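Asks: One letter stands for each residue in the lines below.
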Amino acid sequence: MPKRTDIETILIIGSGPIVIGQACEFDYSGAQAVKALKKEGYRVVLINSNPATIMTDPEFAHATYVEPLIPSMVERIIEKERPQVILPTLGGQTALNLAVALHERGSLAKYNVELIGAKVEAIKRAEDRELFKKTMLGIGLSVPRSGVARTISEAERIAEEIGFPLIIRASFTLGGIGSAIVYTREDFLAAARRGLDASPIHEILLEQSVIGWKEYELEVMRDRADQCVVICSIENVDPMGVHTGDSITVAPAQTLSDPDYQILRDQSFACIRAIGVETGGSNVQFAVDPKTGHASIIEMNPRVSRSSALASKATGFPIAKMAALLAVGYRLDEIPNDITKKTPACFEPVIDYVVTKIPRFAFEKFTEADQTLNTSMKSVGEVMAIGRTFRESLQKALRGLEIGRAGLGADGKVLVPKVDDLVRRGAGPEDVEKRKMMEEVEHKLRVPNCDRIFHIKYAFQLGLTTDDICRLSLIDPWFVHQIGMIWDLEKEIRAAGKKMDVPLLRRAKRDGFSDVQLAYLTGLTAEAVATMRKEHVPVTFKRVDTCAAEFPADTPYFYSTYEEEDESLPLSKKERVIVLGGGPNRIGQGIEFDYCCVHAAWAIKECGYEAIMVNCNPETVSTDYDTSDQLFFEPLTLEDVVNVVERTGAKGVIPQFGGQTPLNLAKPLLKAGVRILGTSADSIDIAEDRERFGALLKKLNIPHPANGTARNFKEAEEAADRVGYPVMVRPSYVLGGRAMEVVFDKVQLADYMRRALESHAGLPILLDRFLEDAKEVDVDAVCDGKDVFIAGIMEHIEEAGIHSGDSACVLPPHSLEPKVMEDLSRYTTEMALALEVKGLINIQYAVQNGTVYVLEANPRASRTVPFVSKATGVPLAKVAAMVMVGKSLKDVLAPWQKVIAQKKPWFSVKEVVFPWLRFPEVDVVLGPEMRSTGEVMGIDVDYGTAFGKSQAAAGGALPKKGTILFSLRVRDRAQALPIARAFEKMGYGLMGTEGTAAYLRENGLNIQSVKKIAEGRPNVLDVIKNREVVLVLNTPEGHRSRSDGFHIRRTALLSNVPIITTHAAARAVVEGLQQSRERRWEARSLQDVYTLGV
Amino acid sequence: MKARLALETGRVFEGNGFGAVGETAGEVVFCTALAGYQEIMTDPSYQGQIVVMTYPHIGNYGTTPDFNESKKPHVAGYVAREFSPMASHWKTVEPIDDYMKKNGVVGLDGIDTRALVRHLRDAGVCRGVISTETLSAAALVDRAKQQLSMSGADLVKEVTCSAAYPWTTAPAASAGGKKKVALLDFGAKFNIMNSLAGMGCEVTVFPARTSLADLLKTNPDGIMLSNGPGDPAAVTYAIDTIRALVSHNEKAKKPIPVFGICLGHQLLGLALGGRTFKLKFGHRGANHPVKDLTTGKVEVTTQNHGFAVDIDSLKGLPVELTHINLNDQTLEGLRHKTLPLFSVQYHPEAFPGPHDAHYLFDRFLGLMKKTETV
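Residue numbers (the working numbering), protein chains in the order written: chain A, 1 to 1094; chain B, 10001 to 10374.
Hints are not guaranteed to be accurate.
[Said to hold, decoys possible] Cβ-to-Cβ under 10 Å is the rule here; a few derived chain B residues that face chain A:
hint, residue
1, Arg-10081
2, Arg-10114
3, His-10288
4, Leu-10326
5, Asn-10327
[As the list claims (entries may be wrong)] Under the rule of at most 27 Å between Cα atoms (straight-line distance), these lysine-lysine pairs were calculated in the DSSO-like manner:
hint, chain 1, residue 1, chain 2, residue 2
6, B, Lys-10297, B, Lys-10370
7, A, Lys-342, B, Lys-10297
8, A, Lys-605, A, Lys-786
9, A, Lys-498, B, Lys-10002
10, B, Lys-10297, A, Lys-119
Hints were generated in silico from the structure; no laboratory data involved.
Every value quoted in this text rests on a predicted model; they were computed, and no experiment measured them.
Every residue gets a Cβ at the ideal spot worked out from N, C-alpha and C, and that includes glycine.
So that you can see chain A by itself, here it is in the shape it has in the complex (with noise of 0.2 Å):
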């Protein structure tokens, strides 16, 4: 059965911006899809609204559309294309969403398209929980007692039934939103009623709990001829009741006999055949009774997902490519090995070595968050390491995870030195701070937590055994025997102290144990250790390969491990520069930082070097094996990255393109030995040090708002008396703003030290005086020493003060003045060449009454960079890439020089998304902490249009009609008043809690009032939960207090209400519904953008 014919154009959907539960791995997989496809030469034809993606270079698919994920525009996009069929299953679930609403609202129908890779009745038995059991229940399978339910009573009818504990689990929602455990009836019926509500269709599934069952996945691929294949078995280490997002996962499964699996085969291909998936990859997840082994199916997604990114990379199997090779028509046995070129990719791959996946999580930006982990998905990003040994891999994957661990522990960090002390002193049972800490590991093991797995090596340490670990954390006894073990070796070596010998050197390093790691525990220098491991156990790269070496392959994709033999590729005559990755996502540092880093890599190899990528996440393009010339999938520290420096003798690392990770690595690189190709690392410094720095624009003459640094709270009261408050605070060297704060006066400022010095010992502490009301503006370069390209000057459209990635922002600024704009564009070229950058370079900046001030000056890639390169048309990250292993910019641009200079009569606005629903306690305010997931852009001729479809593509499409809320604070209701007579102007009704409409009403419009929480109901609240408002424009009062706003917003946002919380954002509402409420967008692709000024 070869490729259809009949097929010309297929539209591919992608899944949006980034959010907790649907990350960059569907830019993997899409992108994957997308290339694929053309080389069977189709016309492909890609939505996605994320701008931060590969998929969406305009080289990619012939016609790429970075519109808003929404019914009306995909229709528009089909109608103007007028594709065959639709490829709904790589964008994740809001492209399978998208498929049933376009199904729905007959478009399909309309216009004769035909879904390929599940149809709308496989993705429905998938999706709706009802209808699954059903169709499990039917073949024969067993699935956990449930029942579904509309309403409440109904849920509480069915509840009675199961008993508690009990799952709720909203349908058609992505990641676990609205999923709950409840263990008792009053938790009950709050639960239920979230669940409800998160649902678009109101619909929950209440189920019994199977909490502390072991938990399976298997990634299925099923072609048009019913193959089926597994490509790969996971196995949860968390047992069931965490989100197996949440969950530390190892492939393939290690606790599973061969009969026990083979029946979780057989269920799987029986359930994907039953759900009627036709075509590409699946993922079916299973609970199994640890006391019987009886197992239940739990779900299926009709579609690649998370984790089928996790098994590609895991195994060196393409899932999504074949995924979309397969919905064309292919059969398996029509498609070759990627890997090895001469088998067929009907098979299963077998692998020799370990896998651990790690979940990333910023509790640390969600500090009043509940942090417990459950069904709902919480985790920001992952990390994946590989090992020959399960001890291995998880302690790689633990040191690649960047939390400051440099493995399961044996570290000096966090509880280290405790646990440490008390063992050391002999502390008994009778001790009370051995049975303080005793209490808190058990109920760190109790309860699934994030960091529960060093939790169990501290039980170890402080005498419980393997039995008591299990009985506790409900973890299979063999994982928990495996850390035992790690911790005996520990033992060892801690006993042989610097007389460690080479043979348990060489024991501790196949068990994962980092330098760092041996220096804390034996007393030597981390130098000393690496010195004797490199003469006597010296690092193995082994291959992946999909068949654990039974036949010989050529994917340059390799891991390290200590063995005897080395598989690593002999030097070739082209010199060799590296890419450093970013590694594991979070917030502030995610697929933006991988999309540069993959056109670094393919810039590199377009000079003619050869690209070796460095990096351990497995979501990203960056690790997929033919994007560089060399994959080593490996954790991003100084021992990691200097083995395989070593080992393949580059000429230089680049660290610019990764993130804070990468240049956090460039000072110590440097120090051993490593040549760091771009901007100097001298220069990252002068950068990052506010004094070198101040200096500089001193010397420069360019004003930058009055500084300081401090050590300590004195100097930091010295510093803010001499700049003057409103003082903007942070730690150096961190980035996406964490613990960055406004304070207004001393008490503020004397607490914020107090909490920054515990959490951030060592940083310095840097204090601006903080520009009220000043406009901020990003400005992204790229310099080669000699020459400046200003590529994009972006308007934030929230003030100054709100951290800039959590900012909207406009290209080209659509409210500077000429002066202003020349002003940013010289400083910004007296700033490049004075730091001698040689790469790119982004400056913040605050413009207040005309005047530009510097806020700072990063010598490195920007989050802005893809969104810069969409808006413009000039692939930034590549064309500095060129510059950094040596170009000179003006040939490096010479090909862009038309698209540089030709007209550019379309404006791009970016918009981000936040993870509030994820974390309903924690209050929906913007700052100067980023919190922010992702992005979306909209692009169109005018600046309300696209703003408009940022918001669409944002999730926050703007009301055309309705009832508009008003809660402001006393200073900022004059500002509100041209905003609230404009929505009059275009026929809103408007209403206000009590003051504010007070003050409205004085000032001549038509506004309803409403009462306060404490004035009795109806209240406010109420209002909003009823939807009787449209839309909610709330300023905060200053946060962390329980106010009135804090409740407001918090429910607007359980409601799906869209909420305003600045009145720059809402004066951006305003000018974007004036401009687009009347009219019908136009779907336009970037290819023809580009083309609008020619």
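Once you've looked at the hints, dock chain B against the given chain A.
Replies: Quick look at chain B alone, frame taken from chain A:
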């Protein structure tokens, strides 16, 4: 305890002894199955072989008599990156270490098994010795060289049963009358008998040297040729028996359906006039893609063989090729053009491995039912 594996090629791997203490020799082969280590250890087809598991963690879920594929382990030695010192599974009876000690299986772990597998892949399978005793590398290499080669070795005589016996594991009730199957035991795995019994067949297991006359005396509805170890060409007595069976069937009004698995398949190929040859490093694992040429569909199969039937040698014979291996295009199945004889090189009985090929047992049952009405 230190232990070594020495190969005739001169390569020596030093690791830790595991399981029984002592010295053992055999042909060193590798297997890529991820689980099912106990089924592999007890598969008589591995007689005389030191098996290297490519998956690093072996023994995680311990051992239980339920997973035995014969009465005892048959591997000459067992090698893994790491045997689990503990066992975690609801069915587990004892950890793999105890099991190997009790059954005298010498094991080795802690070595770079991937390097060993790459060596075997490039050099071909070769003879080797594991020893926890003699630690001189040179002496061990010499010993490896002195071992008998697998080519020309009849290992069936070491593993077949000594006398015929009925397979009594409770068979499932059958709908359409019990079929009597005579199984020639060349080293049969339990699950072949179990699979037949599970379909309601009455299975009698016969020693490999049983004559055709003795088989026919029991009046079987079908004859099963089992898997087994060693060089098929050396099992001349079995080839003679099968050849006689084929000519009996040619003349018989009611031919007796024959189903061969693995060695049984090779012996049928030889009896029909084909040739066998030794593969460089064999097929051992649970992920090999096999295409059923009659349906065009691919199944994922369990494999364990070092020899194969030469496709070219079948030209001009009344034989149809039914299955091929998609990795290397070698023969995986054949059937007689006119008689109800068919065989596959792989293991439809699984254990370990996928159940994809179970339909072959149905096909066999179908043939037995069909010939009834002839």
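Asks: A separate judgement is required for each hint: does it hold in the structure or not?
Replies: Here is how each hint holds up against the structure:
Checking Arg-10081 of chain B against chain A: minimum C-beta separation of about 6 Å stays under 10 Å; hint holds. Because the smallest distance between the Cβ of Arg-10114 of chain B and any Cβ of chain A comes to about 5 Å, under 10 Å, the interface hint for this residue holds. Of the supplied interface hints, the one on His-10288 of chain B holds, with its beta-carbon coming within about 7 Å of a beta-carbon of chain A, less than 10 Å. Interface hint at Leu-10326 of chain B: satisfied, since its Cβ lies 5 Å from the closest Cβ of chain A, which is below the 10 Å cut-off.
Residue-level restraint check for Asn-10327 of chain B holds (minimum Cβ-Cβ distance to chain A is 5 Å; threshold 10 Å). A distance of roughly 24 Å separates the Cα atoms of Lys-10297 of chain B and Lys-10370 of chain B; the hinted pair therefore holds under the 27 Å criterion. Straight-line distance between C-alpha atoms of Lys-342 of chain A and Lys-10297 of chain B comes to about 19 Å, which keeps the hinted pair within the 27 Å bound. With a C-alpha separation of about 24 Å, the suggested pair Lys-605 of chain A and Lys-786 of chain A falls inside the 27 Å cut-off, and the hint holds.
Among the hinted pairs, Lys-498 of chain A with Lys-10002 of chain B is consistent with the structure: their alpha-carbon atoms are about 25 Å apart, no more than 27 Å. Restraint check for Lys-10297 of chain B and Lys-119 of chain A: satisfied, since their Cα atoms lie roughly 23 Å apart, inside the 27 Å limit.
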